[in-house]
Amino acid sequence: MTNKDNPNFILQITDSVTTRTCAVRLTPDDVSLPWEVLLERYLKAPPFEELLKNQRITPESVRRLSAIQDLAYVSDDDGRLHDLFPGTNIKQGDRILAPGILPELALGRAGDIEVDVIDLTVDRWNVGYSRNLVGFKKRRWNKDEPAYQGFIRSAVERGRSPSQTDAILELDSAKDRLTLLRSVSERIWKADFESYSRFYRGKTHL
1 MTNKDNPNFI
11 LQITDSVTTR
21 TCAVRLTPDD
31 VSLPWEVLLE
41 RYLKAPPFEE
51 LLKNQRITPE
61 SVRRLSAIQD
71 LAYVSDDDGR
81 LHDLFPGTNI
91 KQGDRILAPG
101 ILPELALGRA
111 GDIEVDVIDL
121 TVDRWNVGYS
131 RNLVGFKKRR
141 WNKDEPAYQG
151 FIRSAVERGR
161 SPSQTDAILE
171 LDSAKDRLTL
181 LRSVSERIWK
191 ADFESYSRFY
201 RGKTHL
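Positions 1 to 206 (the working numbering) are the ones given, in order, by the sequence shown.
Check each hint, because a few of them may be wrong.
[What the hints assert, rightly or not] Here are the in silico distance ranges between beta carbons for each label pair:
#1 17 x 95: 52 to 58 angstroms
#2 190 x 44: 38 to 44 angstroms
#3 187 x 137: 17 to 23 angstroms
#4 94 x 67: 22 to 28 angstroms
#5 32 x 67: 26 to 32 angstroms
#6 32 x 59: 27 to 33 angstroms
#7 157 x 108: 48 to 54 angstroms
If you're looking for bench data, these hints aren't it; they were derived computationally from the structure.
Cβ atoms here follow ideal geometry from the backbone N, Cα and C, with glycine treated the same way.
Given the sequences, and given the hints that come with them, work out the whole structure.
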């Protein structure tokens, strides 16, 4: 039995394959919404800045939620999210939720605070690998663009003046584009082995 007047409502979302879990605090009105509206509001297109400002989500949950987004939804080449991947089921416990179903509240605790929890699992075990890599990479770039731009610039500017680097990054010629690709490739190749050794686990023979 849960207290419907309890202001502490939590939506917990778990990805079945990676087991990533994120949580966001709901409003009292949210608990009367069907699951697909909740996911539209808090998984597909959440107002991250507002949620963080109002302390309804933690920075760690933002990172996890953002990762689950890319695994759960089809994206176009511009990185816009559309429907859930075909074959995805939304479950509560062992029960698959049909469209229009209101998920149940369960009693939980966050430290010493009693909370009502809506615990949903994005079940992707029946989803084939049909990710749009163009859109996926676009979304990853947009989420951390300054870091990626800084990495690329640092790779190109090795042994070059700032003005030379700026000219190359304009990519006005095939030579500039080739220089960028070579510079980034060389930077990755010369990186510490540990930074990418996980890709070779069990495959490297000395």
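Hint check results:
1. 17 x 95: 52 to 58 angstroms: Cβ of residue 17 to Cβ of residue 95: about 19 angstroms, so the range 52 to 58 angstroms is violated.
2. 190 x 44: 38 to 44 angstroms: Roughly 40 angstroms apart at Cβ, these two residues keep to the hinted range, so it holds.
3. 187 x 137: 17 to 23 angstroms: 18 angstroms, holds
4. 94 x 67: 22 to 28 angstroms: 24 angstroms, holds
5. 32 x 67: 26 to 32 angstroms: 28 angstroms, holds
6. 32 x 59: 27 to 33 angstroms: 29 angstroms, holds
7. 157 x 108: 48 to 54 angstroms: 51 angstroms, holds
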